[in-house]
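2 protein chains.
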Amino acid sequence: MSLQELFDQTISGWMDGTGPSSDIVISSRIRLARNIEGLPLPHVLDAERAQEVIEKVERAVDDVNKRGNLGHLKMYLYKDISALERQILVEKHLVSPALGQGCPNCGAAVNKEGTVSILINEEDHLRLQCLQSGLQLEETWELCSALDDGLEEEIEYAFQEKYGYLTACPTNVGTGLRGSVMIHLPGLVMTGQVGRILNTVGQLGLAVRGFYGEGSEAAGNIFQLSNQITLGHEEEKMIENLESVTRQIFEQEQAAREALMSSAKTNMEDRVWRSYGVLTNARIVKSTEALQLLSDIRLGSELGVLPSIGTKTLNELLVIIRPAYLQWLAGSSLETEERDHMRAGIIREKLGKS
Amino acid sequence: MSLQELFDQTISGWMDGTGPSSDIVISSRIRLARNIEGLPLPHVLDAERAQEVIEKVERAVDDVNKRGNLGHLKMYLYKDISALERQILVEKHLVSPALGQGCPNCGAAVNKEGTVSILINEEDHLRLQCLQSGLQLEETWELCSALDDGLEEEIEYAFQEKYGYLTACPTNVGTGLRGSVMIHLPGLVMTGQVGRILNTVGQLGLAVRGFYGEGSEAAGNIFQLSNQITLGHEEEKMIENLESVTRQIFEQEQAAREALMSSAKTNMEDRVWRSYGVLTNARIVKSTEALQLLSDIRLGSELGVLPSIGTKTLNELLVIIRPAYLQWLAGSSLETEERDHMRAGIIREKLGKS
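Just so you know, the sequences run in chain order A and B. Taken in order, the first sequence gives residues 546 to 899; the numbers are from my numbering. Taken in order, the second sequence gives residues 546 to 899; the numbers are from my numbering.
Just chain A, with the same shape it has in the complex (with noise of 0.2 Å):
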C-alpha cells in the first residue's frame, strides 16, 4: 500500500458511522507511550540511535503483520515523504501535528483502514493509536493492547516496577495510556451549558480539546475528551471513568436538542436550513465556516429536519476539507482563495449539488 493508496481511500475506518451512538461521538481513540530499553529518549537521541529504533520497530511490525491479527501495517519514514503527506497523515487523524511538522529520524506505521497506527521518534520512541468510530473505548483498548502485546514480542519497553512504562515526559509515565472521545455537541453549545460542562469534566481528572488534539480550538462544536491522569490507576478503570463521563455528556446534549426543538423549533429548523443552504450553494468556504455549517447540518439530519446525510459523508467532508487534503486532491498546491473555492465545490458534490 503507497500512501497514494492510502490517501485515495478518503474514509478511514473510524469515520465510517458504525460503531454506538456514532451520531454524537464521532470516534473513540486509544493511544499508548512506549519507550525502548536501553536507548535514550528521542529528544536526546542521535541518528543512529534513532534509526537503531527505527530497525526494531520495523522488525517488530513485521511480526505483527505476519501474524496477521490486526491487519497489515505499512511504514513511512519522514525523510521519504513530503511535507503535505506528512500532513495528510495528521489530518486524517493518524499522526499528531507535532510530528506532522517534520522529523528527520520519525516515521509512522499505519494500516490502509486508517484506524492503526505506529509513531516512532516523535516525543517517546514509539506512541501506538488506535481510533474507531462511535463510542467504544473498550474494543479501542483491546485492539491497542492486542498491538501492543505484539510488538512487545519484539521490543524490551522501558518499564518499572514502581512507576509502570517510562515516558519523556512525566504527565504520561505509568500506564502511558490517553483514550480520548471526539464528541459533537451543537446542542450544548447553543443552550449555553458547554462551559459548565466541560469545566465538570476538568474537575473529574478529564480534559477538554479541540478536533486537532492540544492548543486546537474546538470548531464546529466538536470536543475532545481525554483522561489527564496515566500514573496510579488501572487501564480499564481509566477507560471506564472516561467511556461513564462521555455517555453522561453524551445523556446531556440529547436533552439539550429535545428542549431546543421543544422551545425553539421553527429558529433550529431555519438555522440548519440556512447552513444547508450555504454549503449547498456557496462557490468559496473558508475552513472554520465550513466546520461550522457542517456541525449545523449533522444536527439537522440526527433531528430530521433537514433530509438524511450520512454520518460517513460528514465525517469524510471533516477530513477532506483539510488544507493539505485539498491540495493533495488537486494534485498541486494552492493558495488560500484556491483552496476556499475547492472547498465549496468539494461540498456541494459530497452534498449531491455539485
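Some hints could be false.
For identical chains, the list gives no copy identity; a pair is met inside one copy or between any two copies.
With a cut-off of at most 25 Å between alpha-carbon atoms, the simulated BS3-like pairs for lysine-lysine come out as follows [said to hold, decoys possible]: (1) K810 / K895; (2) K601 / K898; (3) K810 / K601; (4) K810 / K657; (5) K657 / K601; (6) K898 / K782; (7) K707 / K831; (8) K831 / K624; (9) K601 / K782; (10) K810 / K707.
None of these hints come from the bench; they were simulated from the model. Since we're looking at a predicted model, the values are computed, not measured.
On the provided structure of chain A, position chain B as indicated by the hints.
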C-alpha cells in the same frame, strides 16, 4: 371587481417584466396632482364638500369607464374598507403610504391591472397615477395624459394661466407632474459608486427615494428617481430629462456589473449563490433581509450566474412578502414571527423550492 379579486391577482401590470430595460428599471410612474375649481383644498375641506369631490370624481370615472379606452376603474371609499386593505393598496403601489394610513373622506379608483389609480381627497383632490413595466416614461405619460383629459370632460380643474395647475403643496404647482422610475442598482452599490451618482442626480433637479417613496429606505438596492421641479417646464421636457438621466444611470449600472464580473467573478458568484441558498432554504426571513437577498438573486439571474429567475416572479415577491399582503394571504392577522415564517415559505414556493 371586488378588492378580493384585485388582491387575488398578485401580479400587477407593472410587475410583468415586459417593459424596455426591465432588467434594471423595474417600473415607470407618472403622477398628476389636480384640484377641482371652486372647492377648498383637502386640508381645509369639510365632510360635505369632501363628499362633493367624491361624487364629482365618481361621475368622471363613470364617463371614462364608458368610453372604455383606459380600461375599467373601480372606486373604493376608505371608510368602507379595512386598514389592512388600505395597506395592501399601498404595498401594491396603487396609493401612497400617507393615504394608506386612513382618512375618512378619502378614496381610490383603481383598474384591475393595477396600473392606473386615482387617489381622492388626499393632499390634493385628485392624484392620477399610471405605472408601467420597465423604462417607458413617455408611454406612461401618454396614458396618464389621456386619463387626465378623460376626467377633465367632467371636472373643471383649478388652473391659472400664470402658474398652471394649482396644488396643495407649492412644490407641485405648475404641471402637477411627478415622473419617477424604480431602478435596481446593486452593481453601483457594491462598487461604492452609488452615493456619488445619486448626488449628481440631485444636482440635475431629480430626487432619490426608497422603494416606497418619500422617507422610505432604499431596501434591496431599489431606488426611486423622480423629478423635483414641476413649475416652469413643459411636461415632455421633464419626462425627457428624467428618462435621459435614467438611461445614463442604467449604463453606469451595466458597467459596474461588468467590472464586478471581471474583477471579482468568484466573489460575485459566491454572493448570489449564497443568497439563493438562503432564500430557497430559510424558514424565517425578515422583510429587510428578503429584499437584500432578492436583490442578489435578481442580479445573479441577470448576470447568468444563477439559472434564470423570471423578472415577474421577482417583482411579484417584492410585493407579496410585505406585511399586509402576507396577512391578507393568510386570511388572518399575524405576529411578526408568524409573518417571517410565512414570508420564508412563500419565497421558497415562488422560487420552486417549497
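Hints versus structure:
1. K810 / K895: Only across copies: K810 and K895 sit 24 Å apart there, 27 Å inside one copy, limit 25 Å.
2. K601 / K898: neither (50 Å within a copy, 62 Å between copies)
3. K810 / K601: neither (58 Å within a copy, 56 Å between copies)
4. K810 / K657: neither (43 Å within a copy, 41 Å between copies)
5. K657 / K601: within (22 Å within a copy, 91 Å between copies)
6. K898 / K782: neither (47 Å within a copy, 53 Å between copies)
7. K707 / K831: Result: close neither inside a copy nor across copies, 50 Å intra and 67 Å inter.
8. K831 / K624: neither (31 Å within a copy, 57 Å between copies)
9. K601 / K782: Answer is neither; intra-copy 31 Å and inter-copy 96 Å both fail.
10. K810 / K707: neither (56 Å within a copy, 67 Å between copies)
Violated hints, in rising order: 2, 3, 4, 6, 7, 8, 9 and 10; the structure is consistent with all others.
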